[in-house]
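Given next are the chains, with one letter for each unit.
Protein chains: 2
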Amino acid sequence: MADTFLNELQSTFDKAALLTGADIDVRYFTDMAGKASPKPRAVVRPKSTEEVSRLLKLCDRERVPVTTQGGMTGLTRATMPHEGEIVLSMERMNAIEEVDASSGVAIVQAGTVLQKLQERVEQDGFMFPLDLGARGSCSIGGNISTNAGGNRVIRYGMTRDLVLGLEVVRADGTVLNGLRKYIKNNTGIDLKQLFVGTEGILGVVTRAALRIFPAPAEQQVALCALESFPKVMALLQLTRKRLGGELTAFEVMWNEYYRLVIERVKGVAAPLPTHHPFYVLFEASGSDADRLRADHEKLLEEAMNEGLLLDATISTSRASAAAIWRIRDSSVELGRTFGVGARVGLDVSLAIDRMEEYVKRVRSRIKELDPNAFAIVLGHAGDGNLHVSVYHDDTPEKHEEMERLLYGMTREFDGSVSAEHGIGILKRPYLKLSRTEAELETMRMLKRTLDPHNILNPGRMFTV
Amino acid sequence: MADTFLNELQSTFDKAALLTGADIDVRYFTDMAGKASPKPRAVVRPKSTEEVSRLLKLCDRERVPVTTQGGMTGLTRATMPHEGEIVLSMERMNAIEEVDASSGVAIVQAGTVLQKLQERVEQDGFMFPLDLGARGSCSIGGNISTNAGGNRVIRYGMTRDLVLGLEVVRADGTVLNGLRKYIKNNTGIDLKQLFVGTEGILGVVTRAALRIFPAPAEQQVALCALESFPKVMALLQLTRKRLGGELTAFEVMWNEYYRLVIERVKGVAAPLPTHHPFYVLFEASGSDADRLRADHEKLLEEAMNEGLLLDATISTSRASAAAIWRIRDSSVELGRTFGVGARVGLDVSLAIDRMEEYVKRVRSRIKELDPNAFAIVLGHAGDGNLHVSVYHDDTPEKHEEMERLLYGMTREFDGSVSAEHGIGILKRPYLKLSRTEAELETMRMLKRTLDPHNILNPGRMFTV
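For the protein sequence lines, the chains are A and B, in the order given. Each residue of the first sequence is one higher than the last, beginning at 0 in numbering that gives the first Met the number 0. Each residue of the second sequence is one higher than the last, beginning at 0 in numbering that gives the first Met the number 0.
Derived from the structure by calculation, the hints contain no laboratory data. One should not assume that every hint holds.
Said to hold, decoys possible - Here are a few chain A residues that sit away from chain B, every Cβ distance over 12 Å (derived from the structure):
#1 D22
#2 A32
#3 E49
Stated by the list, open to error - Using C-beta positions, here's what the derived DEER-type ranges look like:
#4 E7(A) with E96(B): 15 to 21 Å
#5 G334(A) with G132(B): 52 to 58 Å
#6 M444(A) with E436(B): 51 to 57 Å
#7 H274(A) with E296(B): 44 to 50 Å
We put the beta carbon where it would ideally sit given N, CA and C, even for glycine.
Isolated chain A (complex conformation):
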């Protein structure tokens, strides 16, 4: 059967922009876990906003669904092509167009890799504060579409807070040119907000104006051991009060996480013994290393005097700071040491004063389902965000049951089923646990308004 739509693509895009048949690499339909999807009908890799617009106009007219791809590091299978879909890969729109030091703004194309932007602005003495494990492959467009969080949210906010302006192509090919550099702009509906964190279902982000900040030259990191969660909360309050705007991270690790990383992940050293109930890593950033050091020492002394700490250590060099961070950042590597067993990965927002009870309850309830199940917990405590990995025996039925149990518990504790990873396909069944029917109905109204033929990432997040 002749594919007239493919013929039309061929006459619209050059060979570098259009991949079909055997030219389509598996990476366009394989996720982070190595799981494949149906091969896309074609892969289109535009070099310009105008080409994105042309593609969408065509797809909208012919009702051909499109899935937009960035760095393919998402955890919810949102960008895996479904049967019959075209892949729109932003990988060739990867230019850093402008770094405006006086306004503190960078203008980048959506396919730019996060780390490239971080490194580019560093040359001018700036930082782009968004930072996460996938920095070497995730794209700015993907960060925006998932409203990525990461390690510095406590100080700089989520990706949403870093976006000043967006250029977006609507489903019908209309280009919304909102690439403005202002911090303040109360002129009508702030349309860009609709495209941050909406996983590409309302439009395709092509370029962004992003906030950059003068790079703080120095970091100071502390690692503390504590005997109870209330003391973790008290330490957070004290840290916020004493460090104020210097505080750039406050991360908590339950005992199992810390202990197992030390025991199982190669090359990670233990700055503190592994038997304490809780560990906290906090970081301050500023321009004066001696002062940061003195602040940390004074704060730890105060915390010690108030009986909050069992033990503590502070970084004495960049290397020792990196070694402490290494522990916090080893969750993926730790997961790999458990081999192929089934895992439910929760990314929960929760009131901090309910976290302890929540984790206790998770531990006991999963054992009712599977006596061998266990939970490893850590999180961005300062942002009310826990990452809980539940490992259990590997049967698909049990896995689904375990998932239902755990997402259901999130609701019992008034938590959100996704703090920073998004919904995509994997969490779609659980979205209703965090949103009311009236909210879901409003989301569907917006989707139908902006994408009436349902061609943009259809079925992701929710069904229309």
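Could you slot chain B onto chain A? The hints should help.
Then chain B, alone, in the frame of chain A:
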């Protein structure tokens, strides 16, 4: 003629909730400048979200337009009733329902006066960072609907950045219960963003979950004199670098503003002589007064050595800090000293490296229209936001011509016609200077989706 709609309101709301005829005070239809609008058909003052919902359902069914009112301190006549409109006043929904210190969240009803919230959280050692001149009468609902800015945006962001969750009533009476306390919540479309800064045209905000922060105990303020705008920019860069997260304000005043406030506003003292070209006020906040003081002194010494300053002074007490702030905060009082002459008040966002040229051009162009016209300029330089007051001879034709000239110049300089005051009625003719036709069309699509019968603040911001 019997007003059957009024009869229906009477049978739905009690006497405290419904005002009609002579019971309607002039304040419900008079703006900040004392200018009146048509008297509303009725004023409804609900005590609950359920009552707001009932009112809107009724109005939507009968196609009766409604204007929602908060503290009535807006500058764009957005809340002035048009002929035949019902006023929905949120003044009786003014409870502070919860202050959650451990999560750093306050839950308030939309009619709560900003200052009441500030004072309430202070009791627990917290601050709600939003602050502006109208604090004693503006309402939280109004702050949210206009995405208010103010003096601390450089550190804490706009109102949007302080909103964690909203309860909103849609035009058809549907209640969207999004009153969540999480900082991170990537579960579907972030609907609350649609109701922040949209001046009530997409829904009525009834309750909000707002971020609060540990109150920094101490403030240190400096006032500097500079000879050129490039030096103002260099001082901003240096201040950001040295003070980092401590920096809570960076305000610039052109000579005329400073000089005229000192000369004309009663009780304002001059910490520095009045002949310098530029003045900058900056503020740092933290928990240690001695350190803030030392930081300021060191920074000023460095700035002096780099040749950035002509003169400088720092606050030595709360009283002297307040005296310096008094100068910056006297713009309304200064305006009053010019009597009844016509004034165009611009609230422009602009790239900082174009500000100087913009102001020079404004000064020369207004004189071409009116040789007696003059401009007084100050602004939140750290946020790229200038407030420009142009005073000129008072004829309506000339006023319109002057307005067209000034808003047109905003566009020439790639500026935004409203940084923080919004659009309402007064700036509606100029919205198209800051937004493309595709953006305006998208705004209208959203309005038609969420308010299909155009009953919510119709004609404000744009016409459907």
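Now the hints, each set against the structure:
1. D22: 34 Å, holds
2. A32: 20 Å, holds
3. E49: Given a closest Cβ separation of 14 Å, the condition holds.
4. E7(A) with E96(B): 15 to 21 Å: Since E7(A) and E96(B) have Cβ atoms about 58 Å apart, the given range 15 to 21 Å is violated.
5. G334(A) with G132(B): 52 to 58 Å: 53 Å, holds
6. M444(A) with E436(B): 51 to 57 Å: 23 Å, violated
7. H274(A) with E296(B): 44 to 50 Å: 47 Å, holds
Violated hints, listed in ascending order, are 4, 6; each of the other numbered hints is respected by the structure.
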